[in-house]
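Peer 1: For this one, chain A is given, so just place chains B, C and D on it according to the hints.
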Amino acid sequence: MTKHNTKKRDWTFAQLMVTAAAREIADKEVVFVGMRLPLLGFLLAKSTHAPEAVGVYELGIVRDTLAPEPIMTMGDLPNLYRAQWLADTADAMGLLQQGGVDVSFIGGAQVDRFGNLNTSYIGGTTNVETRLPGSGGACDLASLANRHIIIMSHEKHRFVPRVDYITSPGFGDGDGWRQHVGLPRGGPSTVITTLGILRFDSNTREMVLASVHPGVTEEMVTENTGWPLQILPDLTQTPEPSEEELAILLRFDPQGYWTGK
Amino acid sequence: MTKHNTKKRDWTFAQLMVTAAAREIADKEVVFVGMRLPLLGFLLAKSTHAPEAVGVYELGIVRDTLAPEPIMTMGDLPNLYRAQWLADTADAMGLLQQGGVDVSFIGGAQVDRFGNLNTSYIGGTTNVETRLPGSGGACDLASLANRHIIIMSHEKHRFVPRVDYITSPGFGDGDGWRQHVGLPRGGPSTVITTLGILRFDSNTREMVLASVHPGVTEEMVTENTGWPLQILPDLTQTPEPSEEELAILLRFDPQGYWTGK
Amino acid sequence: MFLKFGHLEFDTVPKSKLMTLPESIDRFVPDGSSVAMCLCLESLIPFAAAHEIIRQRKQNLTLIGPISDILFDQVIGAACVRKVRAAWVGNVITGSCYNFRRAIESHSLEMEDHSNLTVAMALRAGAMGVPFMPARTALGSDLFKTNASLKTITCPFTDIPLTAVAAIKPDVVVVHVQRADEYGSAHAWGNLGVTRDACLASRHIILTAEEIVSPDVISRDPNRVITPGFRVSAVVHYPWGAHPSPVPGYYNRDHQAFIDYRNESKTPELFDGWQKRWVDNIQCYQDYLIALGEKRISELALKHHVMSETVDYGY
Amino acid sequence: MFLKFGHLEFDTVPKSKLMTLPESIDRFVPDGSSVAMCLCLESLIPFAAAHEIIRQRKQNLTLIGPISDILFDQVIGAACVRKVRAAWVGNVITGSCYNFRRAIESHSLEMEDHSNLTVAMALRAGAMGVPFMPARTALGSDLFKTNASLKTITCPFTDIPLTAVAAIKPDVVVVHVQRADEYGSAHAWGNLGVTRDACLASRHIILTAEEIVSPDVISRDPNRVITPGFRVSAVVHYPWGAHPSPVPGYYNRDHQAFIDYRNESKTPELFDGWQKRWVDNIQCYQDYLIALGEKRISELALKHHVMSETVDYGY
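Residue numbers (my numbering), protein chains in the order written: chain A, 1 to 261; chain B, 262 to 522; chain C, 523 to 837; chain D, 838 to 1152.
Next up, chain A with everything else stripped away, as it sits in the complex (with noise of 0.2 Å):
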């Protein structure tokens, strides 16, 4: 984690990352839920104004409702109590396919200014550097959902001009991109950070900084991405999480193992 300028504060900034992805969930929307923040914005956003939010996991797994007990991991048991659907994952992914999942929300590893994301060969294929994990559903997620959220730690080798690899595929090369190599829909429209939150402007489909978390700088920003931030002429500051969201939080991750300190 980049180390913040922070005055005291209750809340820690996965906490805040993780309220900022429940806020990006619409009512009714069907979620693709992955590991993790994600998991946890989506609890929080049925628990508070998205009380009909479906959720898809690719495990083969519907539900609905929020599982009985915190979970760590999405097979735990508590996840399939009670579950809308319980089925194979080339179901659940066929609902992802046909355009059926409205947003869903990747980590990264690496990214770069076009949205593109690389969780498998730091230093490229042939000169590995560092060996990641690989797509799991990421790739699909990044290609087949109707707009996707990625969430990741913010710093200078991390924020790169061009991914080694592209994992997960954002706007690849700018606007057309998308179109051109066939993807059917969708692409990023949010990265949330631990310094701040980025958009994709319209026209180029360049990353673009929109708020910065309470206690960080534009410039704790700029320094912290490996090319020319642009930045939204009205960049807004991140509201910081209510204490209603923190209670519900503290429920979902009762040892803080994702948002604590």
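Take these hints with a grain of salt, some might be off.
[To be verified] Label pairs and their calculated CB-CB ranges:
id, chain 1, residue 1, chain 2, residue 2, range
1, C, E632, B, P475, 41 to 51 Å
2, A, G176, D, G1110, 48 to 58 Å
3, A, Y257, D, P1105, 21 to 31 Å
4, A, E52, C, P544, 44 to 54 Å
Simulated from the structure, these hints should not be mistaken for lab results. Note that beta-carbon positions come from the ideal geometry of N, C-alpha and C, so glycine has one too.
Peer 2: Showing chains B, C and D alone in chain A's frame:
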């Protein structure tokens, strides 16, 4: 049914055909089970020499035991009782497409010298004389089983030089045709008719008369065949159903709906 | 319905999708629709829903299914159908169906000839969101002549010839199930045919159910759920809604009804009589049960019960 | 087993497929095999079987699966693996796995990079007996650079670009289930991932089961059967055979074991110690349960039970 010059006998030609069909099944074979006489043939085989034969039904059923009561269709509830597997058609037929089915049975309305079957359009597609029900699974069974057996009434207007429409491919126009069009395996091995049993020449792939039923002459068969029919030098007589076989058949078709007079 | 999480309770009241059969057909089967039915092949055939389609005199429908037993023939006989995309249209235990024959032989019905596997793969392609699926069946057959949804292609990996089967994405699928809750979650069991694929492939899903049960009954066994409830448009309570086809757990197949139908559909005049008696005179399932009669109903009831072992979804 | 039909009885004695875990791995996982495992993604992971593969020091295996949690890393660490065909190799709750990293970074392991959907479709293609399946995912990604099983093609109907995913047909699939009979029929429930497709796609199937039950229990619910029993090669009784992953109906996920494994696999030396303790020192499930300890076992046991409603397969 063709009129037969029969002496007194205590079995019907339908019973004889079912018995002949049963004898085509070896023990432990995987059989794709169709409707009517083939279904009875499978049940008879399982009850006699092929107790470990496994039945696959396109409705999404696999079973290796007999249904506890007579059934009229594959979907009758006794046919679900203690099935080995109930699943989707695409999965059950996946076993077939993989090459996992040893033998299948097909009925036909019109057949030609190379074993191509028509159950769709008599008269062809532009001037339809008679519309028949269509393929069902027959085209798939003829395309994908390791061998298939045709069961039908032996009449001159049904045994034609060239079918009006190929619903279920046999050997097309002769040897090499199946490979040429891309069918992965198989082809008809046997035609069981109301008059005799025919097989296919391994060089020309043309139908050859192998046996005649009791009371049927060679001439009766050739007269009811629409092309100059080849006849095996060692033409035999089809064995009659045994008393045991008839007793078993009576349990599967107690009303004689399929095998009565 | 309350979603409970620790001490928090969220009051979300999902909208009930329970409606009458006429309302469900009126809303989700407009004229010109493509309608998938008869997806378990010989069982769980949604006859009640098809009869409502006839009563509402729908026009220019496209019917989709592998085999239909006599259902498609009835809807064709009532002049509701413009096109059929199917592998087999007939009467399973008697052979040909007469309305279908008459319609094709008089060129008043368009036919797309499938095999059971190509229908299954076309619906699976629709379910999986891909425009086609490759198959190894039907090569060399004449199905290619009467089905523009089939083309031959070459495998990009093995260079072998293949049949490309275009996806089918019905406007609406009509499925009869054993039990459903009012929100669209339902259990079905037995031979499921292409039902699950067809539900995923279709824009709307109409469920007719033998029983409407508490959501609790369904959600205690999510592996048995036929399709995600959030995608279901209508739930209709209609006992005996699949008669004369069999429904696992509820009633056996009424063979005599299929034999009778053969005789009662031999001519258009005979069919008119059949339609008047079994369709137009029926307004609700109670009417239908009266028409069937108690004797027949008790004859078709299950005589032997075979109950599944329970499984635990605890944590 | 007697097959009863009216007054007739046929005495067919199907061959039992019950065997020990060492025997099943010895017979059906020869060196050089391609082995599909971890097919439910995060649950029902066949750890016991993988550990037996390690104990037998199998060589040159190809591992196939969508995500593997820590299982693939363990088999890689034991030097049994030549190639991995997977979407994700890591530790679900901690991130990267060290043996996998070391192997790739030192070029001692061949990798075919999939996404979860391409693995699912590759196995489904294998299951359906077709050489490939078209997908709409991964276009424009670099998966094409490190996966020769992916090619771009043009749709023969719509002319749009598509990803062709070549079929995967494993030599053997290893599946952990809740209950099986000795003839290979088994019930599994929960999130099934790609298990059903992988079973149909594979030449051999090894089942490890929490419980061996009478055929009667399984056959009373054939819709719950995971794959046709006649295709199963081996059935092994192995309680807790999926620990530390969760098994619906039996035990919860042991998160601490995954966290411990991260620490105990950071260096090759540490991994050797882990392997000695948790794999090489274990000869049977009783040994493993002793190593786990009663306290941990009771902590992981289900605290809440949620039983499914029965269904009737009568006639």
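Peer 1: Work down the list of hints and note, for each, if the structure agrees.
Peer 2: Hint-by-hint comparison with the structure:
no.: 1; hint: E632/C / P475/B: 41 to 51 Å; result: 48 Å, holds
no.: 2; hint: G176/A / G1110/D: 48 to 58 Å; result: 54 Å, holds
no.: 3; hint: Y257/A / P1105/D: 21 to 31 Å; result: 28 Å, holds
no.: 4; hint: E52/A / P544/C: 44 to 54 Å; result: 28 Å, violated
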